[in-house]
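Undergrad: Spelled out from the first residue to the last, the chains are:
2 protein chains.
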Amino acid sequence: MDDLTPLAAALGTLLKDRKETIAVAESSAGGLISAALLAVPGASAYFLGGGVIYTQAARRGLLRVPDEGVKGIRSSTEAYALLKARTIRELLGATWGLAETGASGPTGNRYGDAAGHACFAVAGPVERATTLETGHGDREKNMRAFAKRALELLETSLGKR
Amino acid sequence: MDDLTPLAAALGTLLKDRKETIAVAESSAGGLISAALLAVPGASAYFLGGGVIYTQAARRGLLRVPDEGVKGIRSSTEAYALLKARTIRELLGATWGLAETGASGPTGNRYGDAAGHACFAVAGPVERATTLETGHGDREKNMRAFAKRALELLETSLGKR
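First to last, the sequence lines map onto chains A and B.
Start counting the first sequence at 1; every next residue gets the next number (the numbering used here).
Start counting the second sequence at 1001; every next residue gets the next number (the numbering used here).
Nothing false has been slipped in among the hints.
In silico SDA-like pairs for lysine to any residue, Cα to Cα no more than 20 Å straight-line:
#: 1; chain 1: B; residue 1: K1141; chain 2: B; residue 2: P1006
#: 2; chain 1: A; residue 1: K141; chain 2: B; residue 2: S1044
#: 3; chain 1: B; residue 1: K1141; chain 2: A; residue 2: S44
#: 4; chain 1: A; residue 1: K16; chain 2: B; residue 2: T1107
In case anyone wonders, no lab produced these hints; they're calculated from the structure.
Could you put together the complete structure from these sequences and hints?
TA: What follows is the structure in structure tokens.
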């Protein structure tokens, strides 16, 4: 939404032109990655769905990843983001899976990650991952920053094909 | 987010005081119902997760509802919203499931629903459903209006216990 709409619209045009689709698995971005993509008129042509995988219950219930599936993979890491991106892509049959895992604040999370830390991954024709540290604990600002970085990662990945 | 934060914060306080949890299944609200609830610091105490069930692929892949599970239930109806609310509640083991199904615009959807039409449901200790017609096709405004109505339905439902 808002300042993310031009980027989301550009991504939408690219996806539509290529007849590709996308699915999202986010956590601390809270739904804003999906919302940014869906705020674009015509997004139905390429957006399949998304999950806000905020807890282990959501990871099990929505992504169908059991506890043994994340053994040795810490939350809020690029490895976990990639696991989520691959899983949502497969579950929805999308060309691209886009994922985020992080801590929006105001305090860090139970895993020792500072507020403003988040990891992102894309799975699909190429795979990429990246990490962001905003350095602050403003929860809403971090949610928006996380959504922006996720879209930027998708933009880079689409350009890499 | 934004104008929804006070209502979401009040709901959060209620849920936390009661030690109850919530899970969300939205479609045309696009992630904004989850985002509004998650923008509140401390939401980890009661928010379990959410799904943006935007397509049949998402309904099958995330909610695990096969085609025969929606036979005779049209999209963008209170019956479908209730099905989604019950399903997400059960999948995540939440006290409350909150769901939306509708058409954000700018045009109506393939099912013949006008832009601005959406249905909402809560499943949990009580079940309730409601319908909204905004009467316009401004996509972003409808997404926000849908999120607001969903939170209002939850507020009413929490009061009805």
